[in-house]
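*Asks:* Residue numbers (numbering that gives the first Met the number 0), protein chains in the order written: chain H, 0 to 128; chain G, 0 to 164.
Just so you know, the hints here were simulated from the structure itself, not pulled from any lab data.
Below, simulated SDA-like cross-link-like pairs (lysine to any residue); rule was C-alpha separation at most 20 Å, straight line:
hint: 1; chain 1: H; residue 1: LYS3; chain 2: G; residue 2: LEU95
hint: 2; chain 1: H; residue 1: LYS1; chain 2: G; residue 2: ARG97
hint: 3; chain 1: G; residue 1: LYS102; chain 2: G; residue 2: LEU149
hint: 4; chain 1: H; residue 1: LYS1; chain 2: G; residue 2: LEU99
Pairwise CB distance ranges, derived in the manner of DEER restraints:
hint: 5; chain 1: G; residue 1: ASN159; chain 2: H; residue 2: VAL66; range: 51 to 59 Å
hint: 6; chain 1: G; residue 1: VAL157; chain 2: H; residue 2: VAL66; range: 44 to 52 Å
hint: 7; chain 1: G; residue 1: ILE28; chain 2: H; residue 2: SER80; range: 14 to 22 Å
hint: 8; chain 1: G; residue 1: THR129; chain 2: H; residue 2: ASP52; range: 30 to 38 Å
hint: 9; chain 1: G; residue 1: ASN159; chain 2: H; residue 2: TYR44; range: 56 to 64 Å
hint: 10; chain 1: H; residue 1: ASP39; chain 2: G; residue 2: ILE133; range: 25 to 33 Å
hint: 11; chain 1: H; residue 1: SER72; chain 2: G; residue 2: SER11; range: 52 to 60 Å
A few chain G residues that don't get close to chain H, going by computed Cβ distances all over 12 Å:
hint: 12; residue: LEU38
hint: 13; residue: ILE54
hint: 14; residue: ASN159
Beta carbons are placed, not taken as given, at the ideal position from N, Cα and C, and that holds for glycine.
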Amino acid sequence: MKHKKIVISVFICLILIGIIGSYLVMHKQISNRNVIITQDGKELYRIAMDSVDKPYVIEIKGENGEVNNVLISKEKVQMESASCPDGLCVKHGAISDGVLPIVCLPNKVYIQIVDGNDYETEDLDAKVG
Amino acid sequence: MQRSVKHLVLLSMFMSISLVIFILEAQIIIPIPIPGIKLGLANIVTLFVLQKYSIKDAFVVLIMRILLGSLFTGTLVSCIYSFSGGILCLLGMAFLSRILNGKYLWFTSVCGAILHNIGQIIAAMTVMQTVQVIWYMPFLLLSGCVTGLLTGFAAMFVLNRWNKR
Numbered sequence: 000m001k002h003k004k005i006v007i008s009v010f011i012c013l014i015l016i017g018i019i020g021s022y023l024v025m026h027k028q029i030s031n032r033n034v035i036i037t038q039d040g041k042e043l044y045r046i047a048m049d050s051v052d053k054p055y056v057i058e059i060k061g062e063n064g065e066v067n068n069v070l071i072s073k074e075k076v077q078m079e080s081a082s083c084p085d086g087l088c089v090k091h092g093a094i095s096d097g098v099l100p101i102v103c104l105p106n107k108v109y110i111q112i113v114d115g116n117d118y119e120t121e122d123l124d125a126k127v128g
Numbered sequence: 000m001q002r003s004v005k006h007l008v009l010l011s012m013f014m015s016i017s018l019v020i021f022i023l024e025a026q027i028i029i030p031i032p033i034p035g036i037k038l039g040l041a042n043i044v045t046l047f048v049l050q051k052y053s054i055k056d057a058f059v060v061l062i063m064r065i066l067l068g069s070l071f072t073g074t075l076v077s078c079i080y081s082f083s084g085g086i087l088c089l090l091g092m093a094f095l096s097r098i099l100n101g102k103y104l105w106f107t108s109v110c111g112a113i114l115h116n117i118g119q120i121i122a123a124m125t126v127m128q129t130v131q132v133i134w135y136m137p138f139l140l141l142s143g144c145v146t147g148l149l150t151g152f153a154a155m156f157v158l159n160r161w162n163k164r
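With the rest of the complex left out, here is chain H:
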């Protein structure tokens, strides 16, 4: 029976670590946020979010007529509308930190927020290359 207590406490600890960790990761603050919009592996836009005064929409057109509209504001980025069938990227909602990217698999569009201070383009290319 002595195992029971250990097992249950370890389990509770794991859940707590998971919750706290998720919370911390979700609220990770980065300064100097840059939005990178990538289509089919090519970087299309790199926008410093602090320099965005008024929210605006960027339209990304694909080879076969796919359209993704990305709404960019000072605080957050979101996929406003997309032509993809599942619409997962729109459902994802707005992102404001570097944790989870917005991915539209059907249209091969990838939106990501990075820290402009410690992130180099050449670095990414070397990694993906």
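For this one, chain H is given, so just place chain G on it according to the hints.
*Replies:* Frame of chain H, contents of chain G only:
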């Protein structure tokens, strides 16, 4: 370990059961935008075989399931992820079920699920050559707790039924 025909047939039955579960599970879209989160239902079979037979048998079932499963559903990359996750998961579960004498199967399953996710993250870090994916770990830890609990209880129920037979 007996190498009788009955044993062989049973193992291949378990393999095909887990393969079917694996393929069906791949069709379920989970509305959480984090890669790597899944129910891990196929682990029920691995856990069952590990508990009922031996680690060797569970290993065979696992490897065959991953090989055939990737052939049917995924790509080479998903095969690498499944391998590193699955093997780490099985080793951890075998270790735990020995320590706990096969009791607390749900806990064994939870640890297995978490180890599976750790293995996948390590594989992702090696394949993509980036450490950024480690930020997924807390979410995967949490999902591992939940899905591991579910599959663990499922395996326990199956074992109970099997023993009562």
